[in-house]
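**Student:** Here are the chains, one letter per residue:
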Amino acid sequence: MNGMSKIVRTMARLLYPFVLAFGAYIVMHGHLTPGGGFQGGAVIASGLAMMVVAFGRRSEKHVREGVLSVIEDFGALAFLGLAFLGIGTTFFYNLIANSGWLFGSSVSYGSNPGYLNTGGTLPYMNWAVGLKVLAGLGSIVVLMAFVFGEDEDEDTA
Amino acid sequence: MKILLDLPYISCALLIGFGVYAAIFKSNLIKIVIGLSLVERGVNLFLVSLGYREGARAPIFTYAPTENMVLPTPQALTLTSIVIGLATTALMLAFCIQVYRKHGTLESDRIARKLKEKSE
Amino acid sequence: MSIVEHSPALLVGIPLLAAFATPLISKASGKLRDIFVFLCLAFIFALAVVLISDVIQNGTRVYVMGGKLPSLTLPSGKTFPIRIILEPDAMSALMVLLTALIGLIGFLYSLQFIRAEGAPDKFYTLFMLLIAGMLGLEMTGDLFNFFVFFEITSIAACGLVGFRISEATSSVAAFRTMTIYTLSGLILLLGVGLLYGEYDALNIAYIASKLSFSGVDKLALALFIGALLMKIGSVPAHMWVPDAYGESPAPATIALVINTQAGLYGLLRVCFTLFGVSRAAHIGWLLAIIGTISILVGVLASIYQNDLKRLIAYTAVSQTGYMLMALGAGMAAKGELGFGRTALEGGVFHIFNDVISMGLVFLCAGMIYRATGIRDLNKLGGLAGKMRWIAVLFLIGGLAVAGLPPFNGFASKLMIYESVYKLNPIFSALALLCSIILLGVYVRLFYSIFLGSKLVEPQRIPKGMILASSLLALLIIGIGLLPGMVVKSLVSPAVGALMDKAGYIGKVIAGGM
Amino acid sequence: MKKGLGFFSLVILIASMIGGFMQVHDFGKPLRTEMDDYFIANSQVEVAANNAVTAVVFDYRGFDTLGEATVLFAAVIGVATVLRRMKG
Numbered sequence: 001m002n003g004m005s006k007i008v009r010t011m012a013r014l015l016y017p018f019v020l021a022f023g024a025y026i027v028m029h030g031h032l033t034p035g036g037g038f039q040g041g042a043v044i045a046s047g048l049a050m051m052v053v054a055f056g057r058r059s060e061k062h063v064r065e066g067v068l069s070v071i072e073d074f075g076a077l078a079f080l081g082l083a084f085l086g087i088g089t090t091f092f093y094n095l096i097a098n099s100g101w102l103f104g105s106s107v108s109y110g111s112n113p114g115y116l117n118t119g120g121t122l123p124y125m126n127w128a129v130g131l132k133v134l135a136g137l138g139s140i141v142v143l144m145a146f147v148f149g150e151d152e153d154e155d156t157a
Numbered sequence: 001m002k003i004l005l006d007l008p009y010i011s012c013a014l015l016i017g018f019g020v021y022a023a024i025f026k027s028n029l030i031k032i033v034i035g036l037s038l039v040e041r042g043v044n045l046f047l048v049s050l051g052y053r054e055g056a057r058a059p060i061f062t063y064a065p066t067e068n069m070v071l072p073t074p075q076a077l078t079l080t081s082i083v084i085g086l087a088t089t090a091l092m093l094a095f096c097i098q099v100y101r102k103h104g105t106l107e108s109d110r111i112a113r114k115l116k117e118k119s120e
Numbered sequence: 001m002s003i004v005e006h007s008p009a010l011l012v013g014i015p016l017l018a019a020f021a022t023p024l025i026s027k028a029s030g031k032l033r034d035i036f037v038f039l040c041l042a043f044i045f046a047l048a049v050v051l052i053s054d055v056i057q058n059g060t061r062v063y064v065m066g067g068k069l070p071s072l073t074l075p076s077g078k079t080f081p082i083r084i085i086l087e088p089d090a091m092s093a094l095m096v097l098l099t100a101l102i103g104l105i106g107f108l109y110s111l112q113f114i115r116a117e118g119a120p121d122k123f124y125t126l127f128m129l130l131i132a133g134m135l136g137l138e139m140t141g142d143l144f145n146f147f148v149f150f151e152i153t154s155i156a157a158c159g160l161v162g163f164r165i166s167e168a169t170s171s172v173a174a175f176r177t178m179t180i181y182t183l184s185g186l187i188l189l190l191g192v193g194l195l196y197g198e199y200d201a202l203n204i205a206y207i208a209s210k211l212s213f214s215g216v217d218k219l220a221l222a223l224f225i226g227a228l229l230m231k232i233g234s235v236p237a238h239m240w241v242p243d244a245y246g247e248s249p250a251p252a253t254i255a256l257v258i259n260t261q262a263g264l265y266g267l268l269r270v271c272f273t274l275f276g277v278s279r280a281a282h283i284g285w286l287l288a289i290i291g292t293i294s295i296l297v298g299v300l301a302s303i304y305q306n307d308l309k310r311l312i313a314y315t316a317v318s319q320t321g322y323m324l325m326a327l328g329a330g331m332a333a334k335g336e337l338g339f340g341r342t343a344l345e346g347g348v349f350h351i352f353n354d355v356i357s358m359g360l361v362f363l364c365a366g367m368i369y370r371a372t373g374i375r376d377l378n379k380l381g382g383l384a385g386k387m388r389w390i391a392v393l394f395l396i397g398g399l400a401v402a403g404l405p406p407f408n409g410f411a412s413k414l415m416i417y418e419s420v421y422k423l424n425p426i427f428s429a430l431a432l433l434c435s436i437i438l439l440g441v442y443v444r445l446f447y448s449i450f451l452g453s454k455l456v457e458p459q460r461i462p463k464g465m466i467l468a469s470s471l472l473a474l475l476i477i478g479i480g481l482l483p484g485m486v487v488k489s490l491v492s493p494a495v496g497a498l499m500d501k502a503g504y505i506g507k508v509i510a511g512g513m
Numbered sequence: 001m002k003k004g005l006g007f008f009s010l011v012i013l014i015a016s017m018i019g020g021f022m023q024v025h026d027f028g029k030p031l032r033t034e035m036d037d038y039f040i041a042n043s044q045v046e047v048a049a050n051n052a053v054t055a056v057v058f059d060y061r062g063f064d065t066l067g068e069a070t071v072l073f074a075a076v077i078g079v080a081t082v083l084r085r086m087k088g
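Chains as they are written, first to last, in our numbering: chain A, 1 to 157; chain B, 1 to 120; chain C, 1 to 513; chain D, 1 to 88.
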């Protein structure tokens, strides 16, 4: 897979931080606005895919499958750990909601402007799942993009 | 008139029907994957349209009036099923890549012929 | 917090923990990973023993995911469950025990098997995911959750089928298997959607208590049955079985065998709990007919096979047919009338026996392939001299599959013949005939692999693989000697739990406070 | 021949499915909503989340989401297994 022209590469480099910021926003506000860990993670992974398409084989050094798979494992373990957090009561019990810890303040029923410091384990889980999805989708993209070696590239492309 | 009101259900049926047709009668592996994706989209559309209430809004309380919201469960189910569909599609495409690497083609009858030649 | 109370959640959580942590740990050290996976599997097995002894003593358990109490199934003042509820009854517990056992034996076998295949970390991860998916599938009491675990097992299983990338056929086989699995998963999801639209609920017990058998309900149930028949590889969709069983590495194949039985468990759950055994008579006939055709097709196709693992895979199709026939006959007799209950017990007992004996045969086939690198029966021969112990193990497994007296397969097949004969003598006669042909097939197989002129020089087989297979052989002989005890202590409670629809529903509906 | 058979079965499949879907409740008028009304009414009080869908996804049906994350994990491992570099 070869990279694309200089114009595309420059635009991709310009857009990349915005895509990342937008994805992080969606993950962070998952419990308040439409979106959540999966959606935000997918947005970030699409940013990774954009870089892979624009830079081709040159991006292989920066977006490494090994690093992504470690991030994915950590995301999955964090999600499972958050689920195990409530095992004193039941598996998946939302221990932090309405407890006063970080993300633990309460909300009353009805419309409100949206308070970030709410949701209990939900924001933590959103972050865990977001990490997992961005790394998982990213590593699928990387694996599929670079599956053919340099020499095979010539005759199959 | 009822037919027009139930248009989403009919489009689900069409999507699922065309998808199953492609998955069974096409010989190109990529087309089979496309067919299965179509089926999955049809089922997802069906799930999401089950939860619609007339004139209702999304079940999110941020800056929104609280009366008349659509059902949240079908949306959650659809979200789950979309991710599952994505995962299956990715894995099937990986198998397609591997088949292409091994046999140099994606036509199932040609692959079958090659395998037969090899075993003889 | 007691471990008994939380055992259903831990039985899913621990294998998932093992699966997620395996890639990280194997980056550090391969030996550490082996120890870690073994400890997790041993813990799962211990939990399964705890669960089954508790369930048989105290009846069906409920575990509410994320509730204020594990047993608080309904929210305060309401009459409907809102959270996901795990509901292992005696039948689930039996399947869980079997899955944990096969997981442990498959791991012991693969310790020395998989190192030669490359990428052991990925193999163990997929293996643990498959085990986790099956454990969840067997315990869940929620329809959508059932679909999710169904898909976990499908994807992990297909990853294992395509594991041997050096062989030209494995990716084709994996693609075919994946097509069938995906289609069956989507059909299942459509059925779940139909029932959700009708009752605004996903809990199996709650839906079963409300089910009115309108047109939509019947359509949904038909979709469930169709999807699960595809998953277990009965006749109209049996073509994936030889592909999948033939191409996967041996320890993965035995996990696939129990995965098929987990699908059969889902079919039982749908027929007995959603339908209720009193309404399932015509479905029973349908299943019995499909089962008989599966037996015929599996046995007849196995005669013409020349590939070792594909041949055994076709006999596995016929074994699934025996279970379907027995369970269908039991349903057709509504579980009463004297022989209905025997048929159900025979079917469930045969699930147990089939996993063990089929597993042993597949493990032996894996060792033969490992020692010679050949799967073509025409090129194998005269291995008995160098592989005496494996020849004995293979003979035990083959005779158990064919259903010869001293082994476990005989006990369950006898129950099946007796009871099915009272429903319809033709089914029973065909099944008996096929068993005789099956015996012929295995004798021929044994002859062409182990006797005759020596065609290849086998390599040495590591001790761990032989040890794991010997454990299964011990189980076969043990169950064959004491079938009455196993039926009484494990199978009979499972069948009782399956037929007790009111008890299953009552556990959820009466759980409010 | 094969094409005609395929077209015929396609028409039958779609017609029977439309027939089945027509028996489902009318679009936009669900028959029962008690479980979902509970989620809408209680997601803010019990889970402290404004977004009822996220409350369902991560709290009430969190176990499904764990399964879903596992499916994605399995797919990634599966892709990595199938597309791994072969020795030699």
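Hints should not be assumed to be uniformly reliable.
[Stated by the list, open to error] 30 Å max Cα-Cα, derived DSS-like pairs, lysine-lysine:
id, chain 1, residue 1, chain 2, residue 2
1, D, Lys3, C, Lys210
2, A, Lys61, B, Lys114
3, C, Lys488, C, Lys463
[Stated by the list, open to error] Simulated restraints, written as ranges between beta carbons of each label pair:
id, chain 1, residue 1, chain 2, residue 2, range
4, C, Gly484, B, Ser11, 55 to 65 Å
5, C, Lys210, D, Met1, 16 to 26 Å
6, D, Gly4, B, Ile30, 35 to 45 Å
7, B, Ala64, C, Ser71, 50 to 60 Å
8, A, Asn98, C, Ser489, 42 to 52 Å
9, C, Lys218, B, Leu7, 21 to 31 Å
10, A, Phe84, C, Pro406, 40 to 50 Å
Derived by calculation from the structure, the hints in this document are not laboratory data.
From the three backbone atoms N, C-alpha and C, an ideal C-beta is built for every residue, glycine too.
**Student:** Now tell me if each hint is right for this structure.
**Tutor:** These are the hints, each one checked on the structure:
Of the supplied pair hints, the one linking Lys3 of chain D and Lys210 of chain C is violated, its CA atoms being roughly 44 Å apart against a limit of 30 Å. The straight-line distance between the Cα atoms of Lys61 of chain A and Lys114 of chain B is roughly 38 Å, outside the 30 Å bound, and the hint therefore fails. Restraint check for Lys488 of chain C and Lys463 of chain C: not satisfied, since their Cα atoms lie roughly 35 Å apart, outside the 30 Å limit. Take Gly484 of chain C and Ser11 of chain B: their Cβ atoms lie about 58 Å apart, and the range 55 to 65 Å holds.
With their beta carbons about 47 Å apart, Lys210 of chain C and Met1 of chain D fall outside the hinted range of 16 to 26 Å. Checked against the hint of 35 to 45 Å, the pair Gly4 of chain D and Ile30 of chain B fails, with Cβ atoms roughly 25 Å apart. Checked against the given bound of 50 to 60 Å, the beta carbons of Ala64 of chain B and Ser71 of chain C, roughly 36 Å apart, lie outside it. Between Asn98 of chain A and Ser489 of chain C the C-beta distance comes to about 47 Å, which sits within the given range of 42 to 52 Å.
A beta carbon spacing of about 25 Å between Lys218 of chain C and Leu7 of chain B agrees with the range 21 to 31 Å that was offered as a hint. Our hint of 40 to 50 Å for Phe84 of chain A and Pro406 of chain C holds, since their Cβ atoms are close to 47 Å apart.
Going down the numbered hints, you'll see the structure goes against 1, 2, 3, 5, 6, 7, while the others check out.
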